[in-house]
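Residue numbers are given in our numbering: position 241 of the sequence shown equals residue 241, and the series is strictly consecutive.
Simulated from the structure, these hints should not be mistaken for laboratory data. Each residue gets a CB set at the ideal place from its N, CA and C atoms; glycine is no exception.
Distance windows between CB atoms, simulated:
1) T133 x A259: 41 to 47 angstroms
2) S139 x L227: 55 to 61 angstroms
3) R26 x P261: 51 to 57 angstroms
4) P52 x L264: 39 to 45 angstroms
5) T79 x L227: 25 to 31 angstroms
6) D50 x L219: 42 to 48 angstroms
7) P59 x P163: 37 to 43 angstroms
8) R141 x E198: 19 to 25 angstroms
Straight-line Cα separation of at most 25 angstroms, DMTMM-like style, residue types lysine to aspartate or glutamate; simulated pairs:
9) K92 x E158
10) K135 x E65
11) K135 x E164
12) K3 x E70
13) K140 x E158
14) K140 x E198
15) K153 x E208
16) K153 x D197
17) K3 x E65
18) K135 x E64
19) K140 x E170
20) K153 x E70
21) K153 x E277
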Amino acid sequence: LVKCGAFDSLERNRARLLASLEEVLRWGAARAEERSAQQIGLFGPAAGGDAPPPLATSPAWSAEEELRAEREAIGFFITGHPLDRYAQDLRKFTNATTGTLRARGAEQPAGDGERNGRPDARPRVRLGGVIHTLKLRNSKRGDRYATFVLEDKEGTVEVIAWPEAYRRHEAIIQSGAPVVVAGALDVSDDRCQVIADEVAPLAAARAEAIRQVHVRVPLPALGRDGLETLRTILAAHPGPCDAFLHLERGGDDHETIVALPSSLRVAATDQMVNAVERVLGAGVTSFR
1 LVKCGAFDSL
11 ERNRARLLAS
21 LEEVLRWGAA
31 RAEERSAQQI
41 GLFGPAAGGD
51 APPPLATSPA
61 WSAEEELRAE
71 REAIGFFITG
81 HPLDRYAQDL
91 RKFTNATTGT
101 LRARGAEQPA
111 GDGERNGRPD
121 ARPRVRLGGV
131 IHTLKLRNSK
141 RGDRYATFVL
151 EDKEGTVEVI
161 AWPEAYRRHE
171 AIIQSGAPVV
181 VAGALDVSDD
191 RCQVIADEVA
201 PLAAARAEAI
211 RQVHVRVPLP
221 ALGRDGLETL
231 RTILAAHPGP
241 CDAFLHLERG
251 GDDHETIVAL
261 PSSLRVAATD
271 QMVNAVERVL
281 GAGVTSFR
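Make a model of the complete structure from these sequences and hints.
This is the structure:
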């Protein structure tokens with residue numbers, strides 16, 4: 001329940017609740033035992049030990065960590081989807097979704113790959129998603145290959161990475177990060193599969209295309225200390241992208257855009273975004 005956000009109205013930091021769970025359960029069991037033994041007096045609780053324990057100190061999970069925990073707990077995402085922040089990027093880097101694969105298979109354009117040394121007429125697709133239900137198998141020759149389910153916001157598709165592709169992309173396939181899969185589409189009446197030959201981190205594809213990072217900053221709420229924390233975060237993630245702060249003043253719709261100096265150029269990575277949004281809140285970062 002903690003992992004899927006059932007207690008968010010009581011404490012938004014799910015990591016803090018989970019770290020406190022064992023101590024809170026012990027406290028609750030002790031109180032129940034006291035009541036059962038009639039150790040609570042008529043006019044109030046027995047002296048000592050009845051105040052609930054303070055919650056543990058724990059850094060908040062990133063949005064990706066929260067979504068991963070939701071999936072682990074109940075089998076699907078609740079508060080969002082790992083691809084939400086990549087919506088614009090997916091339109092640039094892909095030519096299909098799980099919802100359009102059968103239509104693309106029906107088109108059957110001439111492929112540009114090879115299959116068993118011959119031209120491969122199967123259509124080529126590139127689609128983004130998150131990997132789950134990963135299974136490793138051995139071919140008849142004893143070579144390791146992988147099958148997995150790729151999920152986007154429209155559905156799922158089975159993907160096969162034969163030994164050569166799996167060897168080249170094993171670390172990425174095992175990482176759990178959102179990916180772009182490129183390969184041949186194999187469609188029949190009862191099956192729709194992608195035979196992968198390339199698997200790349202979606203974040204890396206995005207980072208190569210991004211030139212600017214924009215951060216919305218709520219000035220009255222953040223304060224001077226918060227601005228210094230933000231500067232420290234940006235300085236800790238150097239990279240090729242120009243950074244811009246959109247300074248928002250409370251009570252009106254105006255903002256001041258500040259271009260940061262070249263010494264604070266940043267890398268458009270998930271780590272940078274997560275660090276910024278832990279301080280300023282989800283959705284304050286955008287790219288151009």
